[in-house]
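Q: Residue numbers (the working numbering), protein chains in the order written: chain A, 1 to 159; chain B, 1 to 159; chain C, 1 to 159.
Check the hints yourself; a few may be wrong.
Each pair may be met inside one copy or between any two copies, as identical chains are not told apart.
Taking lysine-lysine and the DSSO-like style, the derived pairs with C-alpha atoms no more than 30 Å apart in a straight line are [stated by the list, open to error]:
hint, residue 1, residue 2
1, Lys37, Lys99
2, Lys132, Lys61
3, Lys61, Lys37
Derived by calculation from the structure, the hints in this document are not laboratory data.
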Amino acid sequence: MNQPEPYQSEIATRIDRIESRFAMQDLVSDYCHGFDKRDWDRFLAIWWPEAVWDIGPPFGKFEAHAGIEHVVKDILWPAWLASSHFTTNLVLTFDGADKASGVSDVDCIGTTADGQAQTVSASYFDRFERRKGIWKIAHRKVTMYHFSPLPGVTLSPPE
Amino acid sequence: MNQPEPYQSEIATRIDRIESRFAMQDLVSDYCHGFDKRDWDRFLAIWWPEAVWDIGPPFGKFEAHAGIEHVVKDILWPAWLASSHFTTNLVLTFDGADKASGVSDVDCIGTTADGQAQTVSASYFDRFERRKGIWKIAHRKVTMYHFSPLPGVTLSPPE
Amino acid sequence: MNQPEPYQSEIATRIDRIESRFAMQDLVSDYCHGFDKRDWDRFLAIWWPEAVWDIGPPFGKFEAHAGIEHVVKDILWPAWLASSHFTTNLVLTFDGADKASGVSDVDCIGTTADGQAQTVSASYFDRFERRKGIWKIAHRKVTMYHFSPLPGVTLSPPE
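With the rest of the complex left out, here is chain A:
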């Protein structure tokens, strides 16, 4: 027999919700790929033009593509010789079809410009928005639990 209209509509909504989840997971992952692999286009692509990135102390809050470009290219990339960010525990909460919030936890290891190995633990609190079918980050707040040296550790690639 025919399936009534609402059935197809419900199935389409549920699939759209699932695909949106993957799109948002990719934003969270591409933040790391863009930043650590120093791929500027990949990094910029995750943010809406007016997005706010609230990094917290000691860095501050940065707005819009110009502000985000400034903090990455003038402050953060020079501050790190190399970094590896590993994001985990992403939990998404929808607010209708085109808005969602997310929380994830990041484990980071790397070497700052002074040659010191560092360990960082933080959480990312995100607000995502979909516009014309595309999801991006509208707001990211970073809460850092630690940013601390690993004395005596030198991080280098294998020969």
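Given the coordinates of chain A, work out where chains B and C should sit on it, guided by the hints.
A: For chains B and C alone, coordinates are given in the frame of chain A:
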């Protein structure tokens, strides 16, 4: 032409399976958010009332909400000044529509009450059950590979 | 009213794409479970028979099940007393229904055969293929950012 009944039924089953996966991923993530962010309601919500949490040595096995509340509030939260659990590699295996098992690997860094930075690696072996449309953990077994100090490391937030 | 054929076809394609994502996530996870838990069958099952595993320096490139078995059983498992690999940030890109590429970042901690605790950071660049409904890895390239000792650290399980 009409799609026969079995088609819609198969599609609905496959979507239900996918949504169940996300529900279980969220349980695994919320264990970390609840524990590390010290959000008791979030932590408790992942467990069925009679759930068993087998933490292994040196902690032991704890049963039901009362046992789980005891170990967290009386033993584990006092044992840690701060902790960051990063869960990865979750693989789920279904046993029908309402039961599943999962294995995941957790990387943890934190500071115990004595002020010592620690590194922990473990796996979580979970049995999940769905009741009245809600997935929760019925049994979690922890296998710890290491729980060891990081000498000379002090974990603290940035200024 | 009847849904035209293309509708069901589109829904089925979208669900197939989602299920494929989970299958590939499981391959990336099972690489870790197989290797770290020393489960050879689980490890082997992720690779197509002629798959290439390009580990890079100092290990090299290994081909097909025989080459992969050799490097794991004769080189890597003897080289590590214990290892914990945590994969994160998996981003998948499809090339039609039966091929995809993936990038993920792995954080690894463990102890080499000399008793030294090590920290490793790397990325995995994968080519996945689906044959007769089953996804496996056809090619994995490893790029290592660091493979370095943690001086003074001894990783051991709790008593």
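Q: Could you run down the list of hints and mark each one as holding or not?
A: Hint-by-hint comparison with the structure:
1. Lys37 with Lys99: both (28 Å within a copy, 24 Å between copies)
2. Lys132 with Lys61: Cα proximity of Lys132 and Lys61: one copy only (27 Å, versus 44 Å across).
3. Lys61 with Lys37: both (23 Å within a copy, 23 Å between copies)
The earlier numbered hints are all upheld by this structure, with none contradicted.
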